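K.L.:
Sequence:
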Amino acid sequence: MSQEFLPDDNSSVSEALEEDRPNDDFESEQEVLQITVFGSHKAVLETIHTLYRLGFAAVGDWSPPQRGSKPGQVISVLIKRSGKV
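Using the working numbering, the first residue of the sequence shown is number 35, and each one after it goes up by one.
Hints listed in this document are in silico derivations from the structure and should not be mistaken for laboratory results. Bear in mind the structure is a predicted one, so any value in this text is a computation, not a measurement. Don't be surprised by glycine CBs; every beta carbon is placed ideally from N, CA and C. Keep in mind that a hint or two might mislead.
[Claimed, not checked] Estimated spans, in silico, between C-beta atoms of each pair:
| id | residue 1 | residue 2 | range |
| --- | --- | --- | --- |
| 1 | K104 | Q64 | 15 to 23 Å |
| 2 | P105 | E65 | 20 to 28 Å |
| 3 | Q107 | Q68 | 14 to 22 Å |
| 4 | K76 | I113 | 19 to 27 Å |
| 5 | R87 | R115 | 15 to 23 Å |
| 6 | S116 | F72 | 18 to 26 Å |
[Claimed, not checked] Restricting the straight-line Cα-Cα distance to at most 30 Å, the calculated cross-link-like pairs of lysine-lysine (DSSO-like) are:
| id | residue 1 | residue 2 |
| --- | --- | --- |
| 7 | K76 | K104 |
| 8 | K114 | K104 |
| 9 | K114 | K76 |
Let's have the full structure, built from the sequences with the hints guiding it.
P.N.:
Structural data, given as structure tokens:
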């Protein structure tokens with residue numbers, strides 16, 4: 035299973051976020067927000083569906099659940115872009 039959410043030993047979370055910075059002018063005017071949900075598979079899916087019902091994000095906007103660092107844990111990530119505040 036993919037380990038893309040686990041940083042390499044030589045990298046940090048802030049370095050990983052630096053790689054995701056937008057490059058073109060349109061995207062540079064947007065604010066980027068990353069939401070990460072950790073928990074059991076059931077709890078993560080329930081949270082994603084609750085946020086959908088609240089109008090926060092579509093279910094399909096989230097990454098597929100990936101195995102977390104602890105047994106029984108999964109992680110799902112949402113990247114939202116919006117105009118700067």
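K.L.:
Each of the hints needs a verdict: does it hold here or not?
P.N.:
Results for each hint:
A hinted range of 15 to 23 Å for the beta carbons of K104 and Q64 is inconsistent with their spacing of about 33 Å. For the pair P105 and E65, the beta carbons lie near 36 Å from each other, so the given range of 20 to 28 Å is not met. With their beta carbons about 18 Å apart, Q107 and Q68 fall inside the hinted range of 14 to 22 Å. In this structure the supplied range 19 to 27 Å holds for K76 paired with I113, their Cβ-Cβ distance being about 23 Å.
For the hinted restraint 15 to 23 Å between R87 and R115, the CB-CB distance of approximately 22 Å keeps it satisfied. Under the hint 18 to 26 Å, the C-beta atoms of S116 and F72, about 24 Å apart, fit the expected range. About 15 Å separates the Cα atoms of K76 and K104, which keeps this hinted pair within 30 Å; it holds. A threshold of 30 Å between alpha carbons decides the hint, and for K114 with K104 the separation of about 26 Å falls inside it, so the pair holds.
Between K114 and K76, the direct Cα distance comes to roughly 23 Å. Compliance with the 30 Å bound is thereby established for this hinted pair.
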